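Protein chains in written order, with the working numbering: chain E, 1 to 348; chain Z, 1001 to 1348; chain X, 2001 to 2348; chain R, 3001 to 3348.
Hint data in this document are derived by calculation from the structure and do not stem from the laboratory.
Quantities reported herein were computed from a predicted structural model and do not represent experimental measurements.
Be aware that a few hints might be false.
Claimed, not checked - To give an idea of the chain R side of the interface with chain E (calculated C-beta under 7 Å), a few residues:
| hint | residue |
| --- | --- |
| 1 | Ile-3082 |
| 2 | Val-3092 |
| 3 | Tyr-3192 |
| 4 | Ser-3193 |
| 5 | Phe-3194 |
| 6 | Lys-3243 |
| 7 | Ala-3272 |
| 8 | His-3273 |
| 9 | Gly-3333 |
What the hints assert, rightly or not - Here are some of the chain Z residues that sit facing chain E, going by a computed Cβ distance under 10 Å:
| hint | residue |
| --- | --- |
| 10 | Ala-1062 |
| 11 | Leu-1065 |
| 12 | Arg-1067 |
| 13 | Ala-1068 |
| 14 | Asp-1069 |
| 15 | Ala-1070 |
| 16 | Val-1092 |
| 17 | Lys-1178 |
| 18 | His-1238 |
| 19 | Leu-1287 |
Cβ atoms here follow ideal geometry from the backbone N, Cα and C, with glycine treated the same way.
There are 4 protein chains.
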Amino acid sequence: MSKLRVAIVGASGYSGSVAARLVAAHDRLALAFATSDKLAGASVAVHLGTVLDDRQIFLPNAAALDRADACDAVILATAADISMRLVPEFGVRGKQVIDLSGAFRLDAEAYPRWYGFEHAAPDWLKRTHYGLPELFGSPPAGSIVANPGCYPTAALLALAPLLRDKLIEAKGIVIDAKSGVTGAGRQSGDAYSFAEVADDLHAYRLLTHQHTPEITRGLARTGEPRPSSDVQVTFTAHLLPLKRGLLATCYARPRSGADAKRVADCLAEAYAHTAFVRAVPPEQVMLKRVVGTNMAHVGATANPDVVVAIGALDNLLKGASGQAIQSLNAMNGWPETTGLDALQRISP
Amino acid sequence: MSKLRVAIVGASGYSGSVAARLVAAHDRLALAFATSDKLAGASVAVHLGTVLDDRQIFLPNAAALDRADACDAVILATAADISMRLVPEFGVRGKQVIDLSGAFRLDAEAYPRWYGFEHAAPDWLKRTHYGLPELFGSPPAGSIVANPGCYPTAALLALAPLLRDKLIEAKGIVIDAKSGVTGAGRQSGDAYSFAEVADDLHAYRLLTHQHTPEITRGLARTGEPRPSSDVQVTFTAHLLPLKRGLLATCYARPRSGADAKRVADCLAEAYAHTAFVRAVPPEQVMLKRVVGTNMAHVGATANPDVVVAIGALDNLLKGASGQAIQSLNAMNGWPETTGLDALQRISP
Amino acid sequence: MSKLRVAIVGASGYSGSVAARLVAAHDRLALAFATSDKLAGASVAVHLGTVLDDRQIFLPNAAALDRADACDAVILATAADISMRLVPEFGVRGKQVIDLSGAFRLDAEAYPRWYGFEHAAPDWLKRTHYGLPELFGSPPAGSIVANPGCYPTAALLALAPLLRDKLIEAKGIVIDAKSGVTGAGRQSGDAYSFAEVADDLHAYRLLTHQHTPEITRGLARTGEPRPSSDVQVTFTAHLLPLKRGLLATCYARPRSGADAKRVADCLAEAYAHTAFVRAVPPEQVMLKRVVGTNMAHVGATANPDVVVAIGALDNLLKGASGQAIQSLNAMNGWPETTGLDALQRISP
Amino acid sequence: MSKLRVAIVGASGYSGSVAARLVAAHDRLALAFATSDKLAGASVAVHLGTVLDDRQIFLPNAAALDRADACDAVILATAADISMRLVPEFGVRGKQVIDLSGAFRLDAEAYPRWYGFEHAAPDWLKRTHYGLPELFGSPPAGSIVANPGCYPTAALLALAPLLRDKLIEAKGIVIDAKSGVTGAGRQSGDAYSFAEVADDLHAYRLLTHQHTPEITRGLARTGEPRPSSDVQVTFTAHLLPLKRGLLATCYARPRSGADAKRVADCLAEAYAHTAFVRAVPPEQVMLKRVVGTNMAHVGATANPDVVVAIGALDNLLKGASGQAIQSLNAMNGWPETTGLDALQRISP
């Protein structure tokens, strides 16, 4: 059985290096090459820390397109403005493309406000599939995959079934989310130094975080589609003093009939037949039960004033590179769990 | 100058031991005695870790009342059901009393639902002062002080001025709070073991936390008093993997005229002349800037859909024993910062 | 291809649950059953947090022997006194046995002093193989495997090649080791609570730790065997405020010819052809590069006064259950890395 | 009572900012000015996080000498090469000078090897007092104080009484030390980012750390002075994933008569009459009992092969700025604990 050859562009960042490890350990995938300007020339095996042949080395990013013939698929772990240019290049060459950035997750008109640039490839936006399989199914043939953001994955998994089943209002939703530092990507500088982050907690990008329109759009396309303007979400991100893991606590106004049992049942039914999402009591939605795995846990409860729904996942796996592998499995007709079921929970 | 003799009942718990350290280091206070069944007979100085005479030892809790003559004031760091009985005993003996539990913070009728017992001293409830000085002033002569809970202190400091100035609606308030493990008091058992708490985050006592009615009541008594039923708050507590520090992110519906500038100005003005509350931009409300000190930081912003107000403090100081010393200073006519201005921020 | 059926006895502890996860994810192994008095009746899949059939439940420990027919191999994650009794029982039934406790790692006469009991099965001690494959090879047919302790694995991997190649003296060795809290097994009680362990560090069982004679014996059997009395080791364990990971910093007196280059080369050559031990510069022996994987990293340097050798590993994988799977692979003639090469480093 | 006016040069680093907080809270000291190129123009009170007048601002470092008239004493929290030049400048102006760097801790000939520069003020080296009061007494009139390094303070407090009382050999001493990240000073860059430091441990500057000759020299001057060449120390530093706290585990060869009781008694007697050093059983030497305070805890035990002595302290207080205040108190004839007895242990 020959393996699908996968290239990773931007493999020294957190999600890129996790993607490379997942590819290296996947029975059906082979690492075609990995690029990183920072690590160009260094051993991939040493950097990944895995049991691999030591001879493969990181290429510079600029070599990625030149080497496109050497791969069947590519995972882009690059900044949004770079992905915006690379996705069409790999797309026209007929490669399977999964983009981990936000460059293909919104409608074109949203980019100037939320990402600070005009979208350079609006026609490619129409060919992208938003790769959250439990809510939006498998990618159609020939599509490229916009891999969802970490916060949107957690929030949408917790809220979308409740909105679809008309248990919550689409307006007045509050999402209070907390993420470990790898969610921000590899950063240097004082703000991410140990002595600044440890034992701290604070909110960031208040009311301006670019995942807000992504969540709104995802909710608008849930159940009977509606215009994004019919959905109103307040989203807050906090920086947690831990490496991996993201928890989103969501508040919504109940619609008639919503009570504690019905909202819990709604989530249980929505995910009963999925491999990677498990509905649990909301106080048991815990980082420690999902970090290190591709699982998301969700739970909900309600009283007459409010529905509370909570989602948790590992921001580098189900919130990024693990979900990318799910999509790659789906695009190639393999079982969804291939290469993901040996991942081990970190908490003992 | 003779010192006020202060007894600490329940001095082996987290807030009790911090109270004892504050008394020991305070120029106007002397530690009359400290009780703890767990540490009875052990050296107070060794346990507190301070520069003190080694001869003082912990007494058993049962000795507290017998020794009442030896103290002028008492800080009760006991469970609510025990405080409910001890407060009147020390009160009738004419002692200055500060109770760190929830036993005297609510109206009598709220206790069965939120604390699981009928209140045994409802007449004493009327003589208590809710000791949050920046919002409710100094304790009247002869009153006993119900020291506020850690979550209510942070939430009320962030929200009360906004409600008083009619910038937010009193209904539909969401408070998403996160606290380090000492907020739960000294606990043993698996759930609080290092391997269970480290690198984790989860919500607890969802929709049933006993600080909910305390916050509601505090807001109802802000500005023009209104019935508690006119205020509606959803409160969620999360357990953070750190020892000390509490951050409350609060969401409210804006009233007309509320915008980012007005809500920020409202907090700045409210606390301009206080020693222990500082208004800062909301993304700069950070645990690391307050932990180890008696300071609370608050900040707010808004858009047309929502007002976000954030408060942070050290749950053992401004959220418990530090605030108790503020009240004790006020009761004795000393400057509010006495014994609290040498506290040092932990984050370097 | 039928799978080898493996039972785990004591599967709710840290090393037991990691062993169960490794078995569940291993292509050639099936989880026959898992026992735990604490979790008896609970879902194994839910507890393990993996992608598994939810129907399998934990059995009580007492059921293990009765169900022996249902397994081909057993991993004992039980206390030493229990393993001492169970190993012979499974051994006489012809099962492959791997014992994670210290019950079969020393000579019989050492047990009263270091473990506090007379050994009840001294004849079985002779049939055990000390399962540290990189130093002591594969288990002979019919042997049972005494899986090494976490500290001895790290210390022996760092020191044994240096002693064998006559670069260090056998006396006057100092091993200063530091381990995350899971090294102590699942503990409750104040001493292991988050608030006691976080931000702390201290030594424990000073000069009395039971891993001391295990290290001494391992060194004595390295190279040309010598009596244990010719080896003298001082061993100190410290409790680190993190969950997983162990680092041993070892100091020895140099023999003639030992210098920085020779000691580094010695380790590089010793492990050049191993899958799970990698020699690196000693300042690059870091917990973050091994935790989550079955790798051990070792490094050494020297000056005329001292040889310093450092070893690091994940105490639950290469220091416990991962190494057990290595032995199980060897006993069954499978590639050594089977079921271990998909493990992912935790640090991103 | 007029206060002594103290300037802090380099007040944005970790030890400088702690020094500034201690001065601000000290009854006999006033903060004359604080300099920092990084924070020039910013509010000192906001940066320190204390209850202070908001009007004082940071000056640029270059202004320090110009403003010398405004201070009676200066604490230099500058790099060694800068302190080497500033100490004489403030010295000739008759100021009380305490230097936190290593610029005046060694003999002149040691600087090229350990600090990489020729010493520019060797005559001033003779006028310095090594400011470790419990071992070397109070500074003579007119001396300047070289404040000891954090590692040397812990190691010398643990070892010096044992060497002085002839319980250990002066050669073959091993010091295995572990420190939180603030010990390295304020650093940016990947190596000190949260994601790199959290959950990690590794050794650094192996066999080349500049605190090695400082410890050797301190031991040589203990008891009957001997040449530094008669003392031989191996020193290893490890980076701990926590902010504050340092623990040094020291190993030495016993001399005749050394046993567990005698070494414990030796430390107990040595520090019986000190305010800031407490002898405890060696397994109770714990970071959590000293961090946040100016206390050092030490403990020792022995068997026929080895003496183990352990010391712990807060690297920013007893290991840096707290000890500086001790010296300043001594130079001015105030009680040693002035301004240091209100510090509160961080661990609850």
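Verification of the supplied hints:
1. Ile-3082: Interface hint status for Ile-3082(R): violated (21 Å vs cutoff 7 Å).
2. Val-3092: Interface hint status for Val-3092(R): violated (36 Å vs cutoff 7 Å).
3. Tyr-3192: holds (5 Å)
4. Ser-3193: Holds - the Cβ of Ser-3193(R) comes within 7 Å of chain E, reaching about 5 Å at its closest.
5. Phe-3194: holds (4 Å)
6. Lys-3243: Hint holds; Lys-3243(R) Cβ to chain E Cβ min 5 Å, cut 7 Å.
7. Ala-3272: violated (35 Å)
8. His-3273: violated (36 Å)
9. Gly-3333: Where the cut-off is 7 Å and the nearest Cβ of chain E is about 36 Å from Gly-3333(R), the hint is violated.
10. Ala-1062: violated (36 Å)
11. Leu-1065: With a closest approach of 39 Å, the Leu-1065(Z) hint is violated.
12. Arg-1067: violated (38 Å)
13. Ala-1068: The hint is violated - Ala-1068(Z) has no Cβ within 10 Å of chain E, the shortest such distance being about 39 Å.
14. Asp-1069: It is violated, given that the least Cβ distance between Asp-1069(Z) and chain E is near 42 Å, above 10 Å.
15. Ala-1070: Violated, about 38 Å.
16. Val-1092: violated (41 Å)
17. Lys-1178: holds (6 Å)
18. His-1238: holds (7 Å)
19. Leu-1287: Where the cut-off is 10 Å and the nearest Cβ of chain E is about 5 Å from Leu-1287(Z), the hint holds.
In summary, the numbered hints that this structure violates are 1, 2, 7, 8, 9, 10, 11, 12, 13, 14, 15, 16.
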